[in-house]
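Peer 1: Residue numbers (the numbering used here), protein chains in the order written: chain X, 1 to 151; chain U, 1 to 785.
Treat the hints with caution; some may be incorrect.
[Claimed, not checked] No more than 30 Å apart at the CA atoms, straight line, and that leaves these computed lysine-lysine pairs for DSS-like:
(1) U:K708 to U:K265
(2) U:K337 to U:K317
(3) U:K239 to X:K54
(4) U:K267 to U:K239
(5) U:K185 to U:K265
(6) U:K319 to X:K54
(7) U:K265 to U:K337
(8) U:K539 to U:K708
(9) U:K319 to U:K337
(10) U:K391 to U:K450
(11) X:K115 to U:K275
(12) U:K413 to U:K539
(13) U:K239 to X:K116
(14) U:K275 to U:K319
(15) U:K489 to U:K358
(16) X:K115 to U:K239
(17) U:K708 to U:K317
(18) U:K224 to X:K116
[Unchecked claim] Output of the computed footprint for chain U on chain X, the stretches with three or more beta carbons under 8 Å from beta carbons of chain U:
(19) 76-85
(20) 95-109
Because the hints were derived from the structure by calculation, they are not lab data. Glycine included, C-beta positions come from ideal geometry on N, C-alpha and C.
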Amino acid sequence: MAISFNVNGRPVSLEAPPEMPVLWALRDLLNLTGTKYGCGIGACGACTIHLDGKAVLACVVRLEEVAGRAVTTIEGLDPDGNHPVQRAWAQLGVPQCGYCQPGQIMRAAALLAEKKNPTDAEIDQAMAGNICRCGCYQRIHAAIRLAATGV
Amino acid sequence: MQLQSFVSLREPWATASAAVASSADGAFINVSRRSFLEALGLAGAFVLATPGALRAAETWPTGGETMPHGLVIDPKVFVAISPDGTVTITAHRSEMGTGVRTSLPMVLADEMGADWSRVKIIQAPGDEPTYGNQDTDGSRSMRHHIQSMRLMGAAVRMMLERAAAERWGVPVAQVEARVHEVVEKDGTRRAGYGELAKAAMDLPVPAIKDILLKPESAFRYIGKGNVPLYDMKAIITGKAIYGTDVRLPGMLYAVAVRPPVYGGKVKSFDARDAKAVPGVVAVIEIPGTPEPAAFMPMGGVAVVATNTWAALQGREKLKIEWEDGPNATYDSDVYRKTMSTIAAQEGKVVRNQGDVEKALQSAAKVIAAEYYQPHMAHATMEVPNATAVVKDGRCECWAPAQSPYAVRKDLAKFLGLDIRDVTVNVTLLGGGFGRKSKGDFAIEAAYLSKVMGGVPVQMMWTREDDIRNSYYHTTSVERIEAGIDTNGKVIAWRHRSVAPTILSTFAPAEYQFAIELGMGLVDNPFDIPNIRCENGPIKNHVRIGWFRSVSNIPRAFAVQCFVAELAHALGRDHKEFLLELIGPPRRLDPTAMGIIGELWNYGDPYEVFPIDTGRLRAVVELACEKAGWGRAMPPRSGLGLAVHRSFLTYVASVAEVVVEKDGTVRIPRIDTAVDCGFPVNPERIAAQFEGAAVMGMTLCFHSAVTFKNGRAEQSNFHDYEMVRMTNFPREVRVHIVPHRYTTPSAGVGEPGVPPIAPAIANAIFAATGKRIRELPIDTQLLREA
Numbered sequence: 001m002a003i004s005f006n007v008n009g010r011p012v013s014l015e016a017p018p019e020m021p022v023l024w025a026l027r028d029l030l031n032l033t034g035t036k037y038g039c040g041i042g043a044c045g046a047c048t049i050h051l052d053g054k055a056v057l058a059c060v061v062r063l064e065e066v067a068g069r070a071v072t073t074i075e076g077l078d079p080d081g082n083h084p085v086q087r088a089w090a091q092l093g094v095p096q097c098g099y100c101q102p103g104q105i106m107r108a109a110a111l112l113a114e115k116k117n118p119t120d121a122e123i124d125q126a127m128a129g130n131i132c133r134c135g136c137y138q139r140i141h142a143a144i145r146l147a148a149t150g151v
Numbered sequence: 001m002q003l004q005s006f007v008s009l010r011e012p013w014a015t016a017s018a019a020v021a022s023s024a025d026g027a028f029i030n031v032s033r034r035s036f037l038e039a040l041g042l043a044g045a046f047v048l049a050t051p052g053a054l055r056a057a058e059t060w061p062t063g064g065e066t067m068p069h070g071l072v073i074d075p076k077v078f079v080a081i082s083p084d085g086t087v088t089i090t091a092h093r094s095e096m097g098t099g100v101r102t103s104l105p106m107v108l109a110d111e112m113g114a115d116w117s118r119v120k121i122i123q124a125p126g127d128e129p130t131y132g133n134q135d136t137d138g139s140r141s142m143r144h145h146i147q148s149m150r151l152m153g154a155a156v157r158m159m160l161e162r163a164a165a166e167r168w169g170v171p172v173a174q175v176e177a178r179v180h181e182v183v184e185k186d187g188t189r190r191a192g193y194g195e196l197a198k199a200a201m202d203l204p205v206p207a208i209k210d211i212l213l214k215p216e217s218a219f220r221y222i223g224k225g226n227v228p229l230y231d232m233k234a235i236i237t238g239k240a241i242y243g244t245d246v247r248l249p250g251m252l253y254a255v256a257v258r259p260p261v262y263g264g265k266v267k268s269f270d271a272r273d274a275k276a277v278p279g280v281v282a283v284i285e286i287p288g289t290p291e292p293a294a295f296m297p298m299g300g301v302a303v304v305a306t307n308t309w310a311a312l313q314g315r316e317k318l319k320i321e322w323e324d325g326p327n328a329t330y331d332s333d334v335y336r337k338t339m340s341t342i343a344a345q346e347g348k349v350v351r352n353q354g355d356v357e358k359a360l361q362s363a364a365k366v367i368a369a370e371y372y373q374p375h376m377a378h379a380t381m382e383v384p385n386a387t388a389v390v391k392d393g394r395c396e397c398w399a400p401a402q403s404p405y406a407v408r409k410d411l412a413k414f415l416g417l418d419i420r421d422v423t424v425n426v427t428l429l430g431g432g433f434g435r436k437s438k439g440d441f442a443i444e445a446a447y448l449s450k451v452m453g454g455v456p457v458q459m460m461w462t463r464e465d466d467i468r469n470s471y472y473h474t475t476s477v478e479r480i481e482a483g484i485d486t487n488g489k490v491i492a493w494r495h496r497s498v499a500p501t502i503l504s505t506f507a508p509a510e511y512q513f514a515i516e517l518g519m520g521l522v523d524n525p526f527d528i529p530n531i532r533c534e535n536g537p538i539k540n541h542v543r544i545g546w547f548r549s550v551s552n553i554p555r556a557f558a559v560q561c562f563v564a565e566l567a568h569a570l571g572r573d574h575k576e577f578l579l580e581l582i583g584p585p586r587r588l589d590p591t592a593m594g595i596i597g598e599l600w601n602y603g604d605p606y607e608v609f610p611i612d613t614g615r616l617r618a619v620v621e622l623a624c625e626k627a628g629w630g631r632a633m634p635p636r637s638g639l640g641l642a643v644h645r646s647f648l649t650y651v652a653s654v655a656e657v658v659v660e661k662d663g664t665v666r667i668p669r670i671d672t673a674v675d676c677g678f679p680v681n682p683e684r685i686a687a688q689f690e691g692a693a694v695m696g697m698t699l700c701f702h703s704a705v706t707f708k709n710g711r712a713e714q715s716n717f718h719d720y721e722m723v724r725m726t727n728f729p730r731e732v733r734v735h736i737v738p739h740r741y742t743t744p745s746a747g748v749g750e751p752g753v754p755p756i757a758p759a760i761a762n763a764i765f766a767a768t769g770k771r772i773r774e775l776p777i778d779t780q781l782l783r784e785a
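Please build the complete structure, drawing on both the sequences and the hints.
Peer 2: This is the structure:
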């Protein structure tokens, strides 16, 4: 039976096993490759997406869990890169290799949607699940602060 | 329309044969076939040429000329200008996070007078005969290619000027290139680069000796740090294409199980249940390669499916019996003891200056310590992967490859194809760190496509595969003894290194080779009369590869921690004592240091990149000044210092740590002073050193891959942890020593890592009185009693 849900504002319907992680449905079935694989066990955050506006890890969310719900991926956050988080990322030159950044940006965007002006500790806690092997944390932190306050 | 005119303009230049033809008629010099120096007619380095507003640059030889396929200095290979003015520059080095795909084209663009907003970058496939060396590692890209990028940019600028002068019928001296246009100096006429493109690119390329470079004062991008990453927008909108993001019509997805023990083989397997998983198309055994396997596949069993999830499910259902082979007894605890035993004995002498035995015997005091580091895996965020199509006697591959031409050669060899029938396209790399220098994963993909009759196959390693089957950073024991005389002077230094060697991945080998010995062992710059370095033999039991900074990591850790131990034992300030050991500012003479064989100087000429203790001292001073060395620290807080020259760059770091009651170490600040010669893109240099501090902290507290029964005990980020946002160096301040262009640019990608762990370890001692001699640090030992 097909599983229907909404991705980046468009309805989709997939004939796929209900237990398939959303990560692979997005990447392999819908060609939305902005959401990345990093660990497959919910330990690195590279696959962070929004499910009804909340940040979730696509590698551990099953397809059946998103039925009837709204998924936003990095491709749908702002395709022109004008979301305040994306703008802050560009302004501070956050990425190095860039591979983890879609996940970092989605996590940061979800945080700021919930809390307009998070404390340093709140930023740390919210971002704790997202690994950056290049080590861009200092700039990620600063960019979230910039996106939140415009300073 | 635009695309068409662009293609038609570019086409004649795009092929290697066109380059050869131009070369033959002497229109330009292809340095890959002639020595760069010979081409320049220069016997020595640092030659100054014609003065004037535009002058030939000071030039110097680099190791870039002696790398395979050397340097190609041919603007018709690297640059195209379309009639709308778009300048297309080819990036031939791989982008793995250093920014090189931006920075090298930026150099060329500045020199040619291009407006960066009108520059497009395309990525070269693996084709060294056309582009010159493409092996993106060793922190070599900028130091080897900055001069050729400038020459090509200047040649294009001169061709545009000539085209404008010819169009206007005036001497070329009456025109000059500004930003993306050529103007007549009296201001009457101007023409954009697009208008001039066709005529300019039809002109012969000036000979290298006639190329006039910009004066440094005219740089607009070089040295400024004002050019954002070319791929920024693609990255932040999720459109950037890494290896795993390649999608081809009809492509299948593969994962594999590989031997849990290096050198192991599949004895038998049962694929019935795997094949029954919906979506699984095939189960295929990949042939293994006997040890030493170099970059050839380890072998194993692959599951090919219509999507990754099906492939993973199928893999779960495979039943495989392994024949483990001789490495099944590999045990990290036992191995460590063996290394320690070997380090206690005399090894092969690799440097012998003065008489260490005699000096140790005459010393008033002898202090010794041993330092240990386990294996590490690179854990690039993007796992190893590649996509390939092999059919009709041809292979096309897409891979996040650090060395795409090496991958192409290996593919040709494995598939038995002519190299001309193999194409390797280079995607962005989601991290490299040396892992993606090896193309084993690309060969696996190609093999599967071939067996599947030419279906495109993407082979993806899972994180577990990546941690369990890596080309591991070596594990090592470094044992140092120092003899101190009655005046508290260090008169003897004996350093023994025992570590499985990278060579063992290519041929049976138990001793380290010059490249490893030159990374912080025999190149030790200390002003001590008697220095002996020894290397004890040990056999590898896993694939040893290079990991960002390579042997410099354990060496800097051992040497810089040991110096702090000596300073403490002698009641001296660490910084003052370190400067005393380094000695007065001087250029070391490597032929007078007792080094057995030649010093490996990162593949670059020593006269251009000598060991300069003045520069080493200066970064110590700078880091200490910026960090406020000597300031009073609260209880359980401390400052720690380390300095290390690697990849021809001098780096000192001062770490400030706070050790909490439960042993958690927090790092409020790291000050890193960097002397990498002329800083070409300071903004990206800062980024590299900020990131190096994080990687340094990760290896300090987390990174260990250990083995039992030949099998890696770790598998994913839950047991092979990384520094995260909850505890990272809060503020990394990068202080770049300013230099003019004439101080040759040196390495940036790697040299930031080595000083971090010893700086942190020394700071922990300052904070707690606990000595650290082992990585990763067991923070349980740091708990308050």
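Peer 1: For every hint, state whether the structure bears it out.
Peer 2: Against the structure, the hints come out as follows:
1. Using a Cα cut-off of 30 Å, the hinted pair K708 of chain U and K265 of chain U holds, with the two alpha carbons roughly 18 Å apart.
2. This hinted pair does not check out: K337 of chain U and K317 of chain U have alpha carbons roughly 39 Å apart, beyond 30 Å.
3. For a cut-off of 30 Å, the pair hint linking K239 of chain U to K54 of chain X stands: about 22 Å separates their Cα positions.
4. A threshold of 30 Å between alpha carbons decides the hint, and for K267 of chain U with K239 of chain U the separation of about 43 Å lies outside it, so the pair is violated.
5. For the hint linking K185 of chain U to K265 of chain U, the alpha-carbon distance of about 73 Å lies beyond 30 Å, and the restraint is violated.
6. About 39 Å separates the Cα atoms of K319 of chain U and K54 of chain X, which puts this hinted pair outside 30 Å; it is violated.
7. Proximity of K265 of chain U to K337 of chain U is assessed by CA-CA distance (about 28 Å); at most 30 Å being required, the pair is judged to hold.
8. Proposed proximity of K539 of chain U and K708 of chain U is supported: the alpha carbons are some 16 Å apart, at most 30 Å.
9. A C-alpha spacing of about 36 Å is found between K319 of chain U and K337 of chain U, which places the hinted pair above 30 Å, so the restraint is violated.
10. A hinted pair counts as satisfied when its Cα atoms are at most 30 Å apart, and K391 of chain U with K450 of chain U qualifies at roughly 7 Å.
11. For the hint pairing K115 of chain X with K275 of chain U, the CA-to-CA distance comes to about 48 Å; that exceeds 30 Å, so the pair is violated.
12. Our distance criterion of 30 Å between C-alpha atoms is met by K413 of chain U and K539 of chain U, whose separation comes to about 28 Å.
13. In summary, the hint linking K239 of chain U to K116 of chain X is supported, as the alpha carbons are separated by about 27 Å, within the 30 Å threshold.
14. The hinted pair formed by K275 of chain U and K319 of chain U meets the criterion: a straight-line CA distance of about 12 Å does not exceed 30 Å.
15. For the hint linking K489 of chain U to K358 of chain U, the alpha-carbon distance of about 15 Å falls within 30 Å, and the restraint holds.
16. Proximity of K115 of chain X to K239 of chain U is assessed by CA-CA distance (about 27 Å); at most 30 Å being required, the pair is judged to hold.
17. Of the supplied pair hints, the one linking K708 of chain U and K317 of chain U holds, its CA atoms being roughly 25 Å apart against a limit of 30 Å.
18. A distance of roughly 35 Å separates the Cα atoms of K224 of chain U and K116 of chain X; the hinted pair therefore is violated under the 30 Å criterion.
19. A stretch counts as covered by a chain when three or more of its residues have a beta carbon under 8 Å from one of that chain; for the region 76-85 of chain X and chain U the count is 5, and the coverage holds.
20. For the region 95-109 of chain X, the proposed coverage by chain U is satisfied: 9 residues have a C-beta within less than 8 Å of a C-beta in that chain, meeting the threshold of three.
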